[in-house]
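K.L.:
Take a look at the letters that make up each chain.
Number of protein chains: 2
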Amino acid sequence: MSVKPEAAGNGRGRTPYLSHFTEFSERRARFVESFRDTKIDAFLVTALPNVRYLSGFSGSNAALLLTADRSLLFTDPRYQTQAPQECDCDIKIAKKALLIEAPIWVNRLAVKRLGFERTRISFEAYDFLKRNAKTFQLVPVGDAIEQLRMVKSATEIATIRKAVELNSAAFDHALRTFKRGMTEVDLAGKIEYRMRRLGADGPSFETIVAAGPRTALPHAHPTARAIKGDELLLVDMGATVAGYASDMTRTMGVGRLSTKARRMYRAVLESQLVAIDSIKAGIASSTVDRSARTVLKKYGLDEWFIHSTGHGLGLEIHEGPRIGKKEARRLEAGMAITVEPGVYLEDFGGVRIEDTVIVTKNGCEVLTPTSKDLIIL
Amino acid sequence: MSVKPEAAGNGRGRTPYLSHFTEFSERRARFVESFRDTKIDAFLVTALPNVRYLSGFSGSNAALLLTADRSLLFTDPRYQTQAPQECDCDIKIAKKALLIEAPIWVNRLAVKRLGFERTRISFEAYDFLKRNAKTFQLVPVGDAIEQLRMVKSATEIATIRKAVELNSAAFDHALRTFKRGMTEVDLAGKIEYRMRRLGADGPSFETIVAAGPRTALPHAHPTARAIKGDELLLVDMGATVAGYASDMTRTMGVGRLSTKARRMYRAVLESQLVAIDSIKAGIASSTVDRSARTVLKKYGLDEWFIHSTGHGLGLEIHEGPRIGKKEARRLEAGMAITVEPGVYLEDFGGVRIEDTVIVTKNGCEVLTPTSKDLIIL
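Sequence lines, in order, name chains A and U.
Mapping the first sequence onto the working numbering, position 348 (from 1) lands on 555, and the numbers just tick up by one.
Mapping the second sequence onto the working numbering, position 94 (from 1) lands on 301, and the numbers just tick up by one.
The hints are simulated quantities; they were obtained by calculation from the structure and are not laboratory data.
One thing to keep in mind: the hints can contain errors.
When chains are identical, the list treats them as one kind, so a pair holds in a single copy or across two.
[To be verified] In silico EDC-like links for lysine to aspartate or glutamate, alpha-carbon gap of 16 Å or less:
no. : residue 1 : residue 2
1   : Lys299    : Glu534
2   : Lys579    : Glu230
3   : Lys467    : Glu553
4   : Lys341    : Asp484
5   : Lys532    : Glu477
6   : Lys303    : Asp379
7   : Lys467    : Asp437
8   : Lys302    : Glu510
9   : Lys303    : Glu534
10  : Lys435    : Asp580
11  : Lys319    : Glu539
12  : Lys505    : Asp437
13  : Lys505    : Glu230
14  : Lys579    : Glu477
15  : Lys319    : Asp276
16  : Lys504    : Glu230
17  : Lys505    : Asp295
18  : Lys487    : Glu539
19  : Lys386    : Asp437
20  : Lys505    : Glu539
21  : Lys579    : Asp350
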């Protein structure tokens, strides 16, 4: 999918899977239907991923005002060329702050009850809107757009698949250049360079490369530490393609691994496979999390699994649903989630294995093509 | 400076410039002094760059509760190893959401009036705090921490200098590999790879590489478009080092440039140099902006300069002060700002030239070492 029309005709010759303008207007129509539940007659979207989801606009400053029959996109003069290329809303190039210009239109369109994103807007923006809301009432609305975003369309799944495949290809390329003595930042740099070479917008998050005892830090920044022999090596990486994220973790051995490290790897792999097997539309997210934990308990390692089993991903690297202990929400076909159990022993090391999967009616499809056999470099 | 103690002893053998724990506790003391102005007896810091500024902690989930004599850092179990390495606050590893655990301590410490960051906290977080604020009052506070952050310490300036120099070195390296026919993403990828190789945490923002008419998009994402002959090439890039950002733009010619493009370059360069000359402690930010615009007006190009002249930078790529038309705020010695006038002609191309500078008592120091002579590739 090319959500950026400027990228079409760039010589790569890909045909967009469908007219993206149609998909965006359908998303807006679906969202506007939800106005009845909250008795609002307009909604001001300010979170950029939500603006992009509903309009296609990918710029860094935007707000979207939606009523039953109008879609107004506010942005600033930097985007006067890009905005009409990317989206078919009425584009308003604002000279002042968007939160000054948008309420003028709220008045002009005679809106009575204006919904806003309670989880996304800052206190300041809310306070500002409230002081300017003379003719309309402000209605905090939960994660209505995020709820829509959880279940992906065919176009979105195709894009996530591309992001996942590109990410795995970048991993393969980068590993081929691996040499002992290379530093963590060297390897992270090679990975991100490969992502771009292969056509990614960029990494979906800062690539994690950790070696030796540093693998026990679940979110280690890569350092100038050399990757030596006989230790664990953990790589957690994602590429963004046409706005959509992918996410994968592999833990490897550099040289000989201890029996303890190999046992940890086996435990985490079994945990991850059992969790994946448990996935299908209709089951609670917490069931998937429990499946992963039960296996680690058998190995006496559940205490060291200190995060949730996974998360949704799409236009953001972390979105719903969360796959955690207390998440009663049921999975639906079309959800894109990660499955990533991990075990972390301080001063020793950690193992995490993560794939991106799509929930289906009777199970799930693991998009990540990279092998989960223990790689020894 | 190594604000990340885990990076010490990594073989690069740099001595931290001072005990960073001391610098952080001094910053907290300075901030706590401001409690008198707002009549608060505690402050809950939730914006991560502000948490990092006041504590040194660089993790992705944290809140800092400050009173006159206590500094409590809340984070989650993923950071139980990293947090005490990076900061000397009382560390509370929260099992639940930080906004559930922190108010328990607000009660326990008998706080009566709790300040919070009005520009940074979400409406949802505010609403949640408010519903849990049974024994204390919530006081919205503006950008008190951001105000402190605008004037950099010697340690911070040394780190920004490193970030700027590393960024220029990455630019030089990447340009040496330039070949006609290379794509925008190729060049962006090479730049970011070099940053990492040279020791950056990563890019401070998505590297902009735009060629030909795409240079007229001030925030173009790099595409798979080939960089051919006889056109403009714009690169806007920044490297983050030990948490601190740098920012630089250079516009170049690939092959022969038209007289019009060369004239644009001359105009923007003159505008940038005059703006830099106008900088010194005590003058208003708007004066710098006006200096840049006046030169472009002389060339009849001011109408196409559609953004502000610059911005502060530090732990974030965009922080105060803003260097714009209406900014009355006076510059102070120690502020780190960018100076980046630009001119953008739709369907033709754009030119922007940007350096990172430090404001001094009698002028400024341009940190960026890269030449501003028009480079022809």
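K.L.:
Would you mind marking each hint as holding or not holding in the structure?
P.N.:
Against the structure, the hints:
Taking CA atoms no more than 16 Å apart as the test, lysine 299 paired with glutamate 534 passes in neither setting, with 40 Å inside one copy and 24 Å between copies. For the identical chains of this complex, lysine 579 and glutamate 230 are neighbours neither inside a copy (36 Å) nor across copies (45 Å), given an alpha-carbon limit of 16 Å. In this homomeric assembly, lysine 467 and glutamate 553 come within 16 Å of each other (Cα to Cα) only inside a single copy, at 14 Å, whereas the closest approach across copies is 62 Å. Within a single copy, lysine 341 and aspartate 484 get their C-alpha atoms no closer than 54 Å, and across copies no closer than 46 Å, so neither meets the 16 Å cut-off.
Taking the closest pair of Cα atoms, lysine 532 and glutamate 477 never come within 16 Å of each other, the shortest separation being 18 Å inside a single copy and 61 Å across copies. In this assembly of identical chains, lysine 303 and aspartate 379 lie within 16 Å of each other by CA distance neither inside one copy nor across copies; the values are 47 Å within and 38 Å between. For the homomeric pair lysine 467 and aspartate 437, the shortest alpha-carbon distance inside one copy (13 Å) is at most 16 Å, but the shortest distance between copies (61 Å) is not. Taking the closest pair of Cα atoms, lysine 302 and glutamate 510 come within 16 Å of each other only across two copies (13 Å); inside a single copy the shortest separation is 55 Å, beyond that limit.
In this homomeric assembly, lysine 303 and glutamate 534 come within 16 Å of each other (Cα to Cα) only across copies, at 14 Å, whereas the closest approach inside a single copy is 42 Å. Within a single copy, lysine 435 and aspartate 580 get their C-alpha atoms no closer than 21 Å, and across copies no closer than 44 Å, so neither meets the 16 Å cut-off. Taking the closest pair of Cα atoms, lysine 319 and glutamate 539 never come within 16 Å of each other, the shortest separation being 35 Å inside a single copy and 46 Å across copies. Taking identical chains as interchangeable, the C-alpha atoms of lysine 505 and aspartate 437 are never at most 16 Å apart, the minima being 27 Å within one chain and 66 Å between chains.
Taking the shortest alpha-carbon separations for lysine 505 and glutamate 230, neither the intra-copy value of 47 Å nor the inter-copy value of 47 Å comes in at or below 16 Å. Proximity of lysine 579 and glutamate 477 under a CA criterion of 16 Å is satisfied intra-copy only: 11 Å inside one chain copy versus 57 Å between copies. Taking the shortest alpha-carbon separations for lysine 319 and aspartate 276, only the intra-copy value of 15 Å comes in at or below 16 Å, while the best inter-copy value is 48 Å. Proximity of lysine 504 and glutamate 230 under a CA criterion of 16 Å is satisfied in neither setting, with 45 Å inside one chain copy and 44 Å between copies.
For the homomeric pair lysine 505 and aspartate 295, neither the shortest alpha-carbon distance inside one copy (55 Å) nor that between copies (37 Å) is at most 16 Å. Taking the closest pair of Cα atoms, lysine 487 and glutamate 539 come within 16 Å of each other only inside a single copy of the chain (8 Å); across copies the shortest separation is 60 Å, beyond that limit. In this homomeric assembly, lysine 386 and aspartate 437 come within 16 Å of each other (Cα to Cα) only inside a single copy, at 13 Å, whereas the closest approach across copies is 40 Å. When the C-alpha separation of lysine 505 and glutamate 539 is checked against a cutoff of 16 Å, the pair qualifies neither within a copy, at 29 Å, nor between copies, at 62 Å.
For the identical chains of this complex, lysine 579 and aspartate 350 are neighbours neither inside a copy (35 Å) nor across copies (48 Å), given an alpha-carbon limit of 16 Å.
Checked against the numbered hints given earlier, this structure breaks hints 1, 2, 4, 5, 6, 10, 11, 12, 13, 16, 17, 20, 21; the rest are met.
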